[in-house]
Every structure is written in C-alpha cells, then in structure tokens.
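Start from the sequences, fold in the hints, and give me the full structure.
Here's the letter readout for the chains.
4 protein chains.
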Amino acid sequence: MTRVGVVGATGYAGAELVRILSAHPDVELTVITSRQYSGEMFDSIYPSMTGSVKLTCEEFVPDHICEKADVIFMALPHKLPMELVPGLIKKGKKVIDLSADFRFRDVAKYEAYYQPHTASDILERSVYGLCEIYHEKIKKTSLIGNPGCYPTSVLLPLIPLLKNKLIDIHTIIADSKSGVSGAGRSLLLTTHFCEVNESLKAYKIAEHRHNPEMEEILSLESKKDIKISFIPHLVPMTRGMLSTIYADLLKGVSYEDIQNCLSSFYSGSPFIRICSEGMFPDTLHVRGTNYCDIGFKLDLRNNRLILISAIDNLVKGAAGQAVQNMNIMLGLNETNGLMNVPFPV
Amino acid sequence: MTRVGVVGATGYAGAELVRILSAHPDVELTVITSRQYSGEMFDSIYPSMTGSVKLTCEEFVPDHICEKADVIFMALPHKLPMELVPGLIKKGKKVIDLSADFRFRDVAKYEAYYQPHTASDILERSVYGLCEIYHEKIKKTSLIGNPGCYPTSVLLPLIPLLKNKLIDIHTIIADSKSGVSGAGRSLLLTTHFCEVNESLKAYKIAEHRHNPEMEEILSLESKKDIKISFIPHLVPMTRGMLSTIYADLLKGVSYEDIQNCLSSFYSGSPFIRICSEGMFPDTLHVRGTNYCDIGFKLDLRNNRLILISAIDNLVKGAAGQAVQNMNIMLGLNETNGLMNVPFPV
Amino acid sequence: MTRVGVVGATGYAGAELVRILSAHPDVELTVITSRQYSGEMFDSIYPSMTGSVKLTCEEFVPDHICEKADVIFMALPHKLPMELVPGLIKKGKKVIDLSADFRFRDVAKYEAYYQPHTASDILERSVYGLCEIYHEKIKKTSLIGNPGCYPTSVLLPLIPLLKNKLIDIHTIIADSKSGVSGAGRSLLLTTHFCEVNESLKAYKIAEHRHNPEMEEILSLESKKDIKISFIPHLVPMTRGMLSTIYADLLKGVSYEDIQNCLSSFYSGSPFIRICSEGMFPDTLHVRGTNYCDIGFKLDLRNNRLILISAIDNLVKGAAGQAVQNMNIMLGLNETNGLMNVPFPV
Amino acid sequence: MTRVGVVGATGYAGAELVRILSAHPDVELTVITSRQYSGEMFDSIYPSMTGSVKLTCEEFVPDHICEKADVIFMALPHKLPMELVPGLIKKGKKVIDLSADFRFRDVAKYEAYYQPHTASDILERSVYGLCEIYHEKIKKTSLIGNPGCYPTSVLLPLIPLLKNKLIDIHTIIADSKSGVSGAGRSLLLTTHFCEVNESLKAYKIAEHRHNPEMEEILSLESKKDIKISFIPHLVPMTRGMLSTIYADLLKGVSYEDIQNCLSSFYSGSPFIRICSEGMFPDTLHVRGTNYCDIGFKLDLRNNRLILISAIDNLVKGAAGQAVQNMNIMLGLNETNGLMNVPFPV
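Residue numbers (my numbering), protein chains in the order written: chain A, 175 to 519; chain B, 175 to 519; chain C, 175 to 519; chain D, 175 to 519.
Since copy identity is lost for identical chains, a pair holds within one copy or between any two.
Here are the computed lysine-lysine pairs in the DSSO-like style, where the Cα-Cα straight-line distance is at most 30 Å: (1) LYS378 / LYS253; (2) LYS401 / LYS283; (3) LYS265 / LYS242; (4) LYS425 / LYS378; (5) LYS228 / LYS378; (6) LYS425 / LYS283; (7) LYS283 / LYS265.
Just so you know, these hints were derived from the structure itself, not from any lab.
As structure tokens, then:
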C-alpha cells in the first residue's frame, strides 16, 4: 500500500481528492492538511463523508507529511506550492501539484500571468500531467504540474487534430462554459447562489490565465506558435465543463478524417469517449466521473470544424486527473480507483 | 383603447404576451385563445395571474376574433399561422406573428427549413419585426414576422458592425446559450427537470432553423452573401439567452471604432444597453425585461472581436419585442408597457 | 410627490425597495445610502437597473437624508436602526424599518433574542407593519417595524383562525421553507452556490429569532399566551417562501368554517389570494409580487388543519410590504406601485 | 456470481439499479428489459454509462428472464408487477419489486388506494423490505415489496421511538420534501424544468398513497392503530428527500432518551447515520449514497420532538435499498456494492 497525503484537503479539489483516494484500492490516505480547519475532523467540514473518512485536518508540517506519505497531492492556491514543493522533492517524495506553479515550461510565461517563480530550477523536472498525452513522461517523473480544468477540456480534443495537421492553426476559438465549483469554495459574490442562479455570463474574456497554459502545450505539440481565443463562461450548475471549439478545416479534410484521427489517437485511452455520429457531449453524462467526452460536427457551408468536449471540472479537470497521474507514476493500472459507474441523472 | 387578442395564449410566449398586454396602458386585451384549454379560465392554467387576468380561453374562431380585436398576436407553432393569418389580414387586422411563417423574404429558404409555404402572396407584405432595425417599415405594415429569439440576440450586435464594415464577414461564429423556456411548454425529455439540471449541451449544431433566418437579414443589411456558424446550447435556467459572437476585425479597426459604431447606431434605442468598458452582459441583468445588453472585447493577439449579447428569450426574444412592434405600428411610444424596473436578483 | 430615501440600498431588501420605489407613481426616490458602496453608482452594483435608476450611493448622513426625504426606509441589519431612527423621528420623518428593532411590543423579548434595546422609548410609538392586520394603526403612525419574512407568511394565515377560535392554540407547528435571498447578500458558506444547489436542510430549529416575533403577535391577536414550534428550511431557489402550518381543529369546525373565515377576513385585502378548493400555493405563482397566497386542507382522519401560504420573501416578506406600509401611511391607494402582473414562469 | 436482471431498466429507479448492479462485486447483471426502448443499447438511452454498461434493452419475456437471472428486480409502475411476479416466483426466482404491489399486509388498504389486487395469495409471502427493521424476515423470503421513498424516510426515524414508547402516537406529522426524480422520468407538466425551477409546493396533502403504507408499518411495529398526517412537497432539485417529523414527547422523555434510543437501535446498521448534537441532515450529504441521516431536536417549550431524516430518493429510497435487500437475501455483506464514498458537493 502506497501512503498518500493531501495538502489543502478542504477546498473542493482537495475534498474530491479525499473522496477518490479514500476508496482507492492501492493506496492509503494517511494525512490531510488544512490551514483553516486544522485540528478538526474532516467529516465535520464535509458531513457527507461521515463514516467514510476518519482523518483529522492537520497543519502543514513538511517533516511530518514526509514521514507519513510517499505521494503528496498539493491542492493549494498557486504561489504556496512553489515554496513548499522543493523541500518535498528533496526528500524523495512524488508530488502532484494541482496549482499552476509547475505547469509551465516557459518561466517567463508563468511570470507574466502569475508572479515571479521562486523554484524555477525544479520546474524543469516537472511534467505537465495531461495523462493521455504525456503518459510516458509521467511514468518517469516525480513532479507533476496537474493541468487546469479549462486546458484539459480544450487540449484533449485539439491535440490529435493539430498533430495530424487537420485544422488551420490561426482560427482556433475555445468557448468554454464551467459550473461554479471551478471557482472553488471561497466566498465570493460571483459564487453567491442568488448571483449565479438564472445567470449566465462570460468573464476574463481572452485574458484568463489558462490561455497561456493552453497555448504553450498546443505550440509544443504542433511545433507551431499557436495563439487561440479563449472565452470562459460561468453557468448555474455545480459541476461540469463544456468547451465548444471552433477551427477552420484544412483543405480536403473530411468527417472521416476527423473521426479516424480522434478514434485512433485515443484508442488506448480508457477515459476518452468519442461520441458516435450525431451524438454530442453533455456535462450530465460525465458528472462525477473521470471521463472526457468528445464530439464534433463539420459545418461544411463554412468549412469549419466544431469540436465539443465535456468533463467534470472537479474530476478529470482536477482531482481525478491527479489520481490518474499518480496511477501512472506508480505503475498501477491507469483506471484504478476511478471507474465508478456514472449516475443516470 | 386599441383592442388586442392573443391566439395561442397558454404557451410560454403566449402567456408572456398576456402578462405584458394586461398591464399595457394603451390597449385592452379582449380575447385569448387556446386549443388545449378552451373553455378554461386563464388563471386556472397560470395561477400566478389570478386577480390580474380575468379572461377565459376560447377556441380560435376567425370571425369572433376579428370582431373583438384590432391587433392580433399569433403565438402558435409554425405552419398554423400561414393558414390563419391571410383571413385576418383580409379583414383589415394588424397581425404580429411569433412563428417563423412570415419572417423570411426568400420563400425558398423558408421551404428548405420548414415546409411548403401556402401564403407566399402575403409574405411580401410582411415586415421582419426587428424593431431597432426596421422601425420605419414596421410603422407602415399590418403584418409582422416577429424575430426568433436567437436571431434577435445575434442580429442586434452584428448589424451595426456589418453596415459599418468593421468585421470580416467570412469569420462570423455565434455561440449561443439559451434557458429552457425557449423550448416552450411542451413536454419533452429535453425539458424534464432531471435531464436539464446540471446539464449543459449543444444541439442542432450548425443546422438550427434560426441559422438561415439570421443569414438572410445579415445579408440584406450588409449587401453581401453572409454565412455564419451558429451553435445553440441549452443551459439549466428558465429565462435568458447569451450569445457570444466571434469575428475577425478588419484591418485597423480599434476598440473605439466598435464602441462608437454601437453607441451611435443605438443612441435612440431605449432597449439597447451598450456595456461600458470592462463590463459584460449577464442574463440575470435582463431577466424579465425587454433589454438587449451588448458588450464586447478585442482579442488583439488574434485580431478578433468578441461580441456578447444578453436578452430574456421570452421578452425581447418573443413577447416583449412583439409588443414593441405593436407600439410602433400603432404610433405609440415604443416603450409603453415594457418599462418595468428590472429585479436586482 | 413625496420624496423617499432608502438607507442600506445595496442589500437584497434595499435593492428591491429601490426597484419598487423607482417605478412608484406617487413618490420620488431622492437618496440612497450604502456604507460599502458609498460613492458608486447604484447601477454599477446592480447593472440590471442601468437606465432605470440613476442614483449614486451615499454615506448615511442624518441631516442630509432628512433634507432630501420625507419617508425613510431603513434596510440595515438590526442594532444599527435603534441608533439611527430616533434622530429621524425627532425631525418629523416617517420611518419604515425593515430590521427587527421596532417589531416588538415587549422589550424583554427583543433583548432575549437580540441585544439590549437602546431606543425603547420610541419603541412604544412604533406599529408592527403587518398591513392586513394593523391597517388602522399604520395610518396614524410615523414609525413602522416592518415584519420579518417568516412571520408574514405564518401570521397572515393563522390570525383569522385564531381570532375566530377555530383551531387549538396548543398544537400549532409552522414548517417553513425559504429561498436563499432571505439570507441576504452577505458572503456565507451557506449561500455559496455549490453548498445550496441540490441541498435541502432545516436550520435554527425551534430557536429562530422570528419565533418570538410570531408568538407576540399571535398572542396579542388571540388574547391567549401562544407558543408555536417554528422550523425554517433552506431551499435551492432565489426567491420564495412556503409555510406549511399545522393545527388541530377545534370541535365541530368544518371546511366551510375555515373557508368562510379566511375569505371574509381578507375580502378587502387586495394582496391576499385565498386558493379555491383543491388548489394550493406555489412560490412560483407569487414570484416578484406582493401577494400572499393561502390554501388549506382538512385532514379529517386526524382532525387536523393544514394551512399553506406562499410569498416572495423579498416582496411581501420585505420590500413590498414596506411600500404597502408607506402607501397606507401616506393615505395612498394600498396597491400603488405594487401591482405588476406576475410572470407565467 | 449470482445472475441478476432488471425489468423496467430505463426509468430512473431502473437505471439507478443498473448503475449499482453493474459495479456490484458479487453479481452479474445479465438482462435488462424496457418496453419503450426494446432493442436499443442501454447506453444510447443513458449515454453517461457508455463504457460501463454494454447491455441491450429487451422485451419482457418471462421464460427468457428466468433463464438468464436468479434474482429479478421489478422497476415497473404498480399493477404490472401483480401480473408478472407470480410466474417468476413459481419458477423459483427471488424477486424484489419496487412498486407498491407487494408492500401491504392488508389487501383492503392496498385496494382502497390502488386497485383490486390480483395476486393476493403470494402477497402473504412477501416481506416489506425496510432492511434495518425486517432484516431477519428478508433473509428468508424470496419476494420483497421494496418500500416507497417517503415511507423509508419517515419510518426509519420513527420506528425506534414508537417501539420504545417515547412519543405520543396521536400527534405525528410528517412534512416531507422531495427532489424531482421521485416523480420518475415520465413527461409531466409538474416535471417540466420551467414549472419546477423556483417553485416549491405541497401536493396530495394528507392523501398520498404512501400515507397508508407508513401507517400500516407504524401500527404493526408499535402494536397501536397509528394515523399520521403526511404532507409531501416538491423541491427544485434532482435527488434528495428530507422529512421533518413532529410528535409530542411522552412525559419525562429527555434528549438523552431519544439519543440513546436511536443510537442503540441502529448501532449495527451501516447505512443509518445519527447526527451528533447540533448537527442536522442535509440532502446534499446523502446525494448518491444509500445512507439515511437522522437528526433531531427537542422543542422543550412545546414538549415536542422534531425529527429530521435525509435520503437520496433514488438510492436508499429505491434502488439502493433494493440492492441492500438482495444482499441480505443472498447472505452477502449488507453493504456490498453500496459503499461508494460520497461526493463533497
């Protein structure tokens, strides 16, 4: 049994990690931390887990964490992980960080959108944990920068098409829609029930921090300098993210070309479901699962491809993908602990 | 007092007409019809209106309707109005039809997306009731094809920019999101609460019937043959429609150009609110109102414009715009009966 | 034109007052205050009201308020009004306070549930603003303690039955359910969208501060010492409050007795709608209105009455009733400014 | 591996059975039927289950079902099971019926609320499948009448108190609130999104069919003739049921008496969670689980007990309890297949 810990266990992504890891057949969740709730039973914060999770939230004490866990999940706001992770890595721990701190190859880009990077030396050792794309690198690393929810939903459908040169790289637009849990458990006017209910709006239009994250990976994978327009929206639901992605088709590309590209690229990926013709993703169909559903349609009148992906932002968009990364790092079956049968509604 | 009637008063658009017309200072609602609820009190179908609306639903009997009303609103599914409207027009009535039957200039397009048109002779006399654009024609007509909800939300922000040649006509994409009331009161699996709640999905991708309706008007107004990609989505809320519209900027077009174009074009339009810089539309802000809020942002890295509009699909997208059309036809103040102060939440 | 002001205009009850007063035909809203947003345009806080409300939020400065307004609505948390209202009254202003500070006859009860009362001298001059019950007193007072939302929904159905001695006073239970806007605009974990959505729970069971408020009025009106069990619940919706009230029937009381009692008691009350037999209140039917819908059923097997009431907690439960109080105080028609036709959905 | 089948697999309760049974470690789901979708892949009806469930819906053919399955779940509307179950029992199958057809001991009561019973001979052999109460009988039977959702939520908290004579049997009121999935997947105006959203209402007040079901069991367990007032409400959420239950305390009964009674009665029941003092059930805490959470408070001023229970109506209120019954019938661990860790939100 590998012993695992969750740092920042009481935010939504952290709590989702606790949910998944508590039922994981190959690991034991031995330690969880929370600055705000230190000393309190986890199930007093999340009473749903009474009877399932019997841990007490602790302060983050590096030596203690390292003593109790072999794999450490960091579910903290960015900036903190930069300071804490180097010490953990030095002690030989495997670290999966859910913040943006270890996602970028290009420090300058990180610094342009976040703040000065104080651990750029270990940044090079980190792997961007988009499991279906970086499987081989993930196997060998001890530090994962777990992808953002929006990038996961945008990169998975786009990468195969870019690698196979099926779409015009200058025409990519990602119109993404997210449930409210993506904004975390912090108290904000934008997550107040009455401000969200019956509300639908775009925000951080073409200036969201996930934009450079997407572009860096798209550029690396396509070996081109790719810029996209990314527009996130907030939708009145708890979980779920839908990305509608637009791109012009390159000359002569047919429906079958797209279909074959996606199907063959993801033929060995248990969490990617390519919709059959005429069917399209729905956030309700992936709720509570680690699936990424991908569908598409050709708008031939405009020579345009419309790609649609759906994920649960807290699972494939955060905690689920983090556990999938752990599975790969530990040489386990990639799906272990992640294959709950989805709910009908 | 002009006497008005509503045919098909118990669907959501019909009931919204009843709501607005009941409180309208210049008209008297004298007759309402409903095939399904004929003989029943309107407030037994919509108990919210007990005390406000004291009418009984009747069968549609042309002579009776014509005797009781001078202006007739048709809130029926398409196909029926084609059959019923010619008789009403012949009797000298003013008709505002909320179906698609009298929206198209080009019969062939209507027939390609709907069915054979059986009243194409009077189709030429109809005016497309997009009030802010066709104000002068509306004044003089007796037959209005009231715009669809999606077209209203897409046309209003686009037309000024096209007329002023600020955007590339080959690059227009409209990613629209609608609340559930747009699907009407019919019982469908797609409007079942449990199938909608926590669900978000695209549907009729690039093949929705509102697509040719938009294109016809855009082409007429820009004097170009315009084709757009239109992708509607269903969102778990009752009212509200948000359209996020993408187009490449023509060379040299600046933020101020867009701002000036929209502001001056709509300077005399009481229901169009152009958001100030950094503010963007939210469906919650137009809920229950006849406003169309328009905001925009330039994605200069990609030389792309992102336009966003929000309307209440049942008001500006249906019943409210229909009443605005009536106001114009009758020479009344355009805002009469439509200026309720919006709710804070 | 009577000039009116709203102190605390940016909370939900305050903003709802701004909405109603802005469209009121007999008053002019001249001044609004907000500690948090002082100096900002009201429509920058509530963009829905852009074009309808052109006021700037000010600091509360007593002299300034008194100069600009004849009637002052206080929409502040309790405790503050106690300190501010005496000065306004002294200047001859009419004051309608939406907090609990001027609702109680018995200072001791207020102090047991809130804090020491620092303005008990003017408390005697205040009238409990339950319009349908205290109409005559309201006419003559200059200080209103506007009822709480829960008390409004519980008192209106119960008082006629108690006055007419139709129910057993020892058996009264009020099981109330409220939408989230009742908790205000403050940022709390219990109003975070993800904690409310798909959540239903009771809170402050038999210890809510509205309990003594209800009991004082019920006791006064029935001239008995009445104690009830009051259990509030939080429901995932923005607006609406439903109270299901249980009481044993006194011997021999029939369906008609209850029906007649309620109908005749409220025959002159334009905002009370008694449901016809077999129909029951629904929060959707009163959304955005000042109505209180009342329905009931006899459970004859258990000799028990089940009374149900529905209100919009922000309108009849707060701002609407406050304006109704103003109308009565000013000798206006009670319904002025409050008779918008309800929405179908 | 026991082979199991689900008859009526495409309604919500049926689909939830498919979800649970597909992941159950001790059984194999071999056959599912659906009249409406016969011949179609299950995952085309519920795309969420693509990859998890590979069965095709079949017509109900008794011989075929009996050949393929040893345990048969019936998830059909009442009346049909009466006709079909006798044949299955005759063939030696174990049957768990989710309709009302085999829940009643007293045929007359069933017939008063439903219709003539055509299989009353085998009714005597059926056991009411309230697992925590009838564990021993369930072990030995081959026919289960699986309890209704409301009765489950009301009986579990009440039975221990009645058996221990802690409450006054003449004063019991159950005010229950249910999510919409309890109304099934049928298309009804009352399950239309726009009629449910922002709506809260009582229905079938003191005349719901679950009322006699509760009373029969309460009477059997207390050996008294018990009548209760049961008032169901519909709440805008998909899953979840909260019952707030009122009863007068018998003389001298203390908080500890209630606490001890519930705790000791359910000490061996893995799915019953008694809330600690000051904590109360929330439907969000049991969403997607087989738990029944129970909390309570004493209203000492009124000598009244307020009991609150929360379940997921589709799990403990239907499919989960049915599988729990199967586990007991087969001598398996009661929790097998039912212990997924709950979601945080």
